[in-house]
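Colleague: Chains as they are written, first to last, in the numbering used here: chain A, 1 to 433; chain B, 1 to 66.
Hints in this document: simulated from the structure, not taken from any laboratory.
Check before you lean on any hint, since a few could be wrong.
[Said to hold, decoys possible] Which chain A residues stay away from chain B? Per the calculated CB distances, all over 12 Å, these:
{"hint": "1", "residue": "Gly54"}
{"hint": "2", "residue": "Asp59"}
{"hint": "3", "residue": "Phe60"}
{"hint": "4", "residue": "Val140"}
{"hint": "5", "residue": "Arg141"}
{"hint": "6", "residue": "Pro262"}
{"hint": "7", "residue": "Val335"}
{"hint": "8", "residue": "Gly351"}
{"hint": "9", "residue": "Ala353"}
{"hint": "10", "residue": "Glu396"}
{"hint": "11", "residue": "Asp404"}
[Stated by the list, open to error] Computed from the model, here is a short list of chain A residues facing chain B with C-beta under 7 Å:
{"hint": "12", "residue": "Phe178"}
{"hint": "13", "residue": "Pro181"}
{"hint": "14", "residue": "Gly329"}
{"hint": "15", "residue": "Cys331"}
{"hint": "16", "residue": "Gly332"}
{"hint": "17", "residue": "Ser366"}
{"hint": "18", "residue": "Glu367"}
{"hint": "19", "residue": "Arg371"}
{"hint": "20", "residue": "Ala373"}
{"hint": "21", "residue": "Cys403"}
[What the hints assert, rightly or not] If you only want the chain A side, here are some residues facing chain B, beta carbon under 8 Å, derived:
{"hint": "22", "residue": "Pro333"}
{"hint": "23", "residue": "Phe336"}
{"hint": "24", "residue": "Gly372"}
Note that CB positions come from ideal geometry on N, CA and C, so glycine has one too.
The primary structure of each chain is shown beneath.
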Amino acid sequence: MTAGGHHGLPRLLAGLEPGGEPMTLAAHTRVHGPLPSLPPDVLIEEVDRSGLRGRGGADFPTARKLRAVAGRRRVGAVIVNGSETEPASAKDRLLLARLPHLVLDGAVLAAGAVGSSEVIVRVGAGSASVVRALESAASVRDNERVRIQVVPGPEGYVSGEESAVVHYLNGGGPLPTFVPPRPFERGFRGRPTLVQNPETLAQLALVARFGSRWYRELGTAADPGSALVTIAGAVAAPGVYELAFGTSLDDLLDAAGGATEPLQALLVGGYFGTWVDATAAGRLRLAREDLRSVGCSLGSGVLIALGQSACGLHESAGVIAYLAEQSAGQCGPCVFGLRAIADSVAALADGIAPPGVHQRVLRWASEVRGRGACHHPDGAVRFVESALRVFEADIERHAHGRCDARPAGLPLGNGSVRVPGGRLAELRKAAAP
Amino acid sequence: MSVRLRVNPIACDAHGLCAELLPELIRLDDWGYPILDQSEVPPDLVGLARRAVDACPTLALLLEGD
Numbered sequence: 001m002t003a004g005g006h007h008g009l010p011r012l013l014a015g016l017e018p019g020g021e022p023m024t025l026a027a028h029t030r031v032h033g034p035l036p037s038l039p040p041d042v043l044i045e046e047v048d049r050s051g052l053r054g055r056g057g058a059d060f061p062t063a064r065k066l067r068a069v070a071g072r073r074r075v076g077a078v079i080v081n082g083s084e085t086e087p088a089s090a091k092d093r094l095l096l097a098r099l100p101h102l103v104l105d106g107a108v109l110a111a112g113a114v115g116s117s118e119v120i121v122r123v124g125a126g127s128a129s130v131v132r133a134l135e136s137a138a139s140v141r142d143n144e145r146v147r148i149q150v151v152p153g154p155e156g157y158v159s160g161e162e163s164a165v166v167h168y169l170n171g172g173g174p175l176p177t178f179v180p181p182r183p184f185e186r187g188f189r190g191r192p193t194l195v196q197n198p199e200t201l202a203q204l205a206l207v208a209r210f211g212s213r214w215y216r217e218l219g220t221a222a223d224p225g226s227a228l229v230t231i232a233g234a235v236a237a238p239g240v241y242e243l244a245f246g247t248s249l250d251d252l253l254d255a256a257g258g259a260t261e262p263l264q265a266l267l268v269g270g271y272f273g274t275w276v277d278a279t280a281a282g283r284l285r286l287a288r289e290d291l292r293s294v295g296c297s298l299g300s301g302v303l304i305a306l307g308q309s310a311c312g313l314h315e316s317a318g319v320i321a322y323l324a325e326q327s328a329g330q331c332g333p334c335v336f337g338l339r340a341i342a343d344s345v346a347a348l349a350d351g352i353a354p355p356g357v358h359q360r361v362l363r364w365a366s367e368v369r370g371r372g373a374c375h376h377p378d379g380a381v382r383f384v385e386s387a388l389r390v391f392e393a394d395i396e397r398h399a400h401g402r403c404d405a406r407p408a409g410l411p412l413g414n415g416s417v418r419v420p421g422g423r424l425a426e427l428r429k430a431a432a433p
Numbered sequence: 001m002s003v004r005l006r007v008n009p010i011a012c013d014a015h016g017l018c019a020e021l022l023p024e025l026i027r028l029d030d031w032g033y034p035i036l037d038q039s040e041v042p043p044d045l046v047g048l049a050r051r052a053v054d055a056c057p058t059l060a061l062l063l064e065g066d
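Just chain A, with the same shape it has in the complex:
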């Protein structure tokens, strides 16, 4: 590790030009310095000290995941899970399309740490710019002992789930499997496999260069460093922003140009996330303890602002209908439970639900939780429970036929909020440690 590295923000997005081109290897090396070479245990120890956690939504400590694979024999590939199937999220695509060398640095370093000689980057087949950027970046990194392969694949919501990614690469359908065994035990080609999110690897590439003390210069003691957040909805400049942990959600919204109208709620963590009332949300900091206090987590780093002119109930009905549709169709409780919940929430939003439906949805939600092979149903019911809580007054109003809201057009499915290479900005406000 070299001492230093530059201070403040941006870190990951340093040197990124507003144009649409991927950063070249030469420019990347100029910004961050050359790829360091560290003994495996030294690197893992440094990652441990940095406090880095996975940025794909599960928040799992990265060093523990590295150790779980490094301790095994016949280690297989390192898989960069660039599926990013969360509809509102754009940060992984931004990294892969514009800063491919930073992600590949992290993947190559992680491969060295766990004793692997193969990196597979799994990306959505629909993102041509991502595939192009990665393939061309991989082709100029020719003096490495690690083989890099880019594999475009399907883009359905659950196809990005860790076990689904491994199952697909093993020649199966892009569907979650019954775990255990988990990928770190038996993954790609039956071997212990490390699956990591692109942002996690990009952060790891910086920790390897500049060390854990540098990493902890930003953020809080419990949540050190910076994070990429996709900010969407009723803000002036939706896009991907890098900011320090510990920043208040109000400051996040300001970074995205501020709210375009008075807000009623924020959706924190994307569609597996949680609605929070806007008055309570603004003061929360981007930190696990703050978010946990209102039942949230950062998830994959998505923040959606809902203006007062929109109807949270109708928007939520749209999201849960989408999530029900996106079930892999393998597990009964997910297939039938989410469909029934979605139909009922739609009826509540339309004001045509018979008495007792609200309570029944809550019962179904608690029964469905934990009964799928993957966590798709768990995230979906968490979303629904928060919607019924935050928009409870709307249920009553709708039953009496009063809703004059305008559709907010929350991003659903492929397309609406895809902003790779779109607006970029950085928030320079570092949090007090």
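Mind docking chain B on chain A? Use the hints.
Modeller: Chain B only, in chain A's frame:
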């Protein structure tokens, strides 16, 4: 050693035999899929649990730590 019941939700086809054979631990949801309110099997129910596992037509009910 404690014995636990687990359902493989991908394999389960809602035949419902398990809930019939082991109502002490298994009930069905509104679509006929099993809900295990606790996974731990008390010693006196292990025999019945094993019978339910053997009866599952899709081998979706699993007894672990047995």
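Colleague: Please go over all the hints and tell whether each is borne out by the structure.
Modeller: Consistency of the hints with the structure:
In this structure A:Gly54 is separated from chain B by more than 12 Å, as the shortest Cβ-Cβ distance comes to about 24 Å. Listed as a non-interface residue, A:Asp59 keeps its Cβ farther than 12 Å from every Cβ of chain B; the least gap is roughly 24 Å. No beta-carbon of chain B comes within 12 Å of the beta-carbon of A:Phe60; the shortest separation is about 22 Å. A:Val140, annotated as away from the interface, keeps every beta carbon of chain B farther than 12 Å; the closest lies near 42 Å.
Against chain B, the non-interface label of A:Arg141 holds: every CB pair exceeds 12 Å, the least being about 39 Å. With 12 Å as the threshold on Cβ separation, the claim that A:Pro262 sits away from chain B holds: the shortest Cβ distance comes to roughly 40 Å. A:Val335, annotated as away from the interface, has a beta carbon of chain B within 12 Å; the closest lies near 8 Å. Every CB of chain B is more than 12 Å from the CB of A:Gly351 (nearest about 24 Å), matching its label as outside the interface.
For A:Ala353, the condition that its CB be more than 12 Å from all CB atoms of chain B holds, with the nearest at approximately 16 Å. Listed as a non-interface residue, A:Glu396 keeps its Cβ farther than 12 Å from every Cβ of chain B; the least gap is roughly 25 Å. For A:Asp404, the condition that its CB be more than 12 Å from all CB atoms of chain B holds, with the nearest at approximately 35 Å. Hint status for A:Phe178 relative to chain B: holds, with the closest Cβ pair at about 5 Å, below 7 Å.
A least Cβ separation of about 13 Å between A:Pro181 and chain B goes past the 7 Å threshold, and the interface hint is therefore violated. Below 7 Å, beta-carbon pairs count as interface contacts, and A:Gly329 has none with chain B, the closest being about 10 Å; its hint is therefore violated. For A:Cys331, the shortest C-beta to C-beta distance to chain B is roughly 4 Å, which falls under 7 Å, so the interface hint holds. Residue-level restraint check for A:Gly332 holds (minimum Cβ-Cβ distance to chain B is 4 Å; threshold 7 Å).
The beta carbon of A:Ser366 is not positioned within 7 Å of any beta carbon in chain B (closest approach about 10 Å), and the interface hint is therefore violated. Nearest Cβ of chain B to the Cβ of A:Glu367: about 5 Å, under the 7 Å cut. The hint holds. Given hint, A:Arg371 at the interface with chain B, holds; its Cβ is 6 Å from that chain's nearest Cβ, closer than 7 Å. Taking 7 Å as the C-beta cut-off, the interface hint given for A:Ala373 holds, the closest approach to chain B being about 5 Å.
For the restraint placing A:Cys403 at the interface with chain B, the shortest Cβ-Cβ distance is roughly 29 Å, beyond the 7 Å limit, so the hint is violated. Interface restraint check for A:Pro333: the shortest CB-CB distance to chain B comes to about 5 Å, inside 8 Å, so the restraint holds. A cut of 8 Å between beta carbons decides the hint on A:Phe336: the least distance to chain B is about 4 Å, and the hint holds. Of the supplied interface hints, the one on A:Gly372 holds, with its beta-carbon coming within about 6 Å of a beta-carbon of chain B, less than 8 Å.
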